[in-house]
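Throw the hints in and build the complete structure from the sequences for me.
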Amino acid sequence: MTLPSKILEEAVEQLASLPGVGKRSALRYALFLMNEDESKVRDLSEALMHLKTHLHHCRHCHNVSDTEVCPICSSEKRQRGIICVVENVQDVMAVENTQQYRGLYHVLGGVISPIDGIGVGDLEIASLIRRVQTGDPAPVEEVILALPTTMEGDTTNYYINKQLQPLGVKITTLARGVAVGDSLDYTDEITLGRSIAHRIPFEG
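In the working numbering, the protein residues as written are 24 to 227.
In short, the hints are calculated from the structure, not lab data. Hints may be right or wrong, so weigh each one.
Unchecked claim - Result set (DMTMM-like, lysine to aspartate or glutamate): computed pairs, CA atoms no more than 20 Å apart in a straight line:
1) Lys185 - Asp205
2) Lys75 - Glu91
3) Lys193 - Asp139
4) Lys100 - Glu165
5) Lys185 - Asp211
6) Lys46 - Glu36
7) Lys100 - Glu164
8) Lys185 - Glu91
9) Lys185 - Glu147
10) Lys75 - Asp89
11) Lys185 - Glu175
12) Lys193 - Asp177
13) Lys100 - Asp159
14) Lys100 - Glu69
15) Lys193 - Glu164
16) Lys193 - Glu165
17) Lys46 - Glu33
18) Lys46 - Glu32
19) Lys185 - Glu164
Take a look at the structure:
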């Protein structure tokens, strides 16, 4: 893509480095910003700098937060004895959006994936074990493993389970099965098999 300006080209290169943004989309964004009021562009720039310099990771659960301890961990209205272990911050948002869970979280920052060079030491697994051992910020009664239903997610679940077993805490995982609205002929064999194996009583 040949551009008439080095400044525009640099802006496009930076925007195109964002996930899911191609060169054409980056050019469209750059031209849009070029025609915006200077104050709006400055506000965007300052918001991005604040994102980098002022955003924290909660010292308990590693979720993003404006403060050292996130609002979920500091809330007295949550069920503080239950920890839901998730892969990333987006998963916290997904579970919260269901409005079905009132416990705390623990964000691992990924899953074990040797092919990608991600090992146990690269994740927040040790801090999870420490939370259960010390009961900080609250005694833990149950750990819910809510990781992806992939080989990497299952490997991470297995490792965490082995580490937590001696601590006597209740360990659960998400139910797996056919999604609501799915037709069986469009459901993969593994999911369908798990649905049959973990079938539940029919509720009329």
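For each hint, the structure was consulted:
Taken as a hint, the Lys185 and Asp205 pair is broken in the structure, with Cα atoms around 34 Å apart against an allowance of 20 Å. As the CA atoms of Lys75 and Glu91 are separated by approximately 15 Å, the hinted pair is consistent with the 20 Å bound. A threshold of 20 Å between alpha carbons decides the hint, and for Lys193 with Asp139 the separation of about 31 Å lies outside it, so the pair is violated. With a C-alpha separation of about 17 Å, the suggested pairing of Lys100 with Glu165 holds against the 20 Å cut-off.
Taking the CA atoms of Lys185 and Asp211, the gap is about 29 Å. The hint is violated against a cut of 20 Å. With a CA separation close to 8 Å, the supplied pair Lys46 and Glu36 stays within the 20 Å bound. Proposed proximity of Lys100 and Glu164 is supported: the alpha carbons are some 16 Å apart, at most 20 Å. Of the pairs offered as hints, the one joining Lys185 and Glu91 is violated, with about 30 Å between alpha carbons and a cut-off of 20 Å exceeded.
Restraint check for Lys185 and Glu147: satisfied, since their Cα atoms lie roughly 16 Å apart, inside the 20 Å limit. A distance of roughly 11 Å separates the Cα atoms of Lys75 and Asp89; the hinted pair therefore holds under the 20 Å criterion. A C-alpha spacing of about 16 Å is found between Lys185 and Glu175, which places the hinted pair at or below 20 Å, so the restraint holds. Proposed proximity of Lys193 and Asp177 is supported: the alpha carbons are some 18 Å apart, at most 20 Å.
Under the criterion of a C-alpha separation no larger than 20 Å, the hint pairing Lys100 with Asp159 is consistent with the structure, at around 17 Å. Between Lys100 and Glu69 the CA atoms are separated by roughly 34 Å; this puts the pair beyond 20 Å, and the hint is violated. Of the pairs offered as hints, the one joining Lys193 and Glu164 holds, with about 6 Å between alpha carbons and a cut-off of 20 Å not exceeded. In summary, the hint linking Lys193 to Glu165 is supported, as the alpha carbons are separated by about 5 Å, within the 20 Å threshold.
Restraint check: the Cα-Cα separation between Lys46 and Glu33 comes to about 11 Å, which is no more than 20 Å; the hinted pair holds. For the hint pairing Lys46 with Glu32, the CA-to-CA distance comes to about 10 Å; that is within 20 Å, so the pair holds. Straight-line distance between C-alpha atoms of Lys185 and Glu164 comes to about 17 Å, which keeps the hinted pair within the 20 Å bound.
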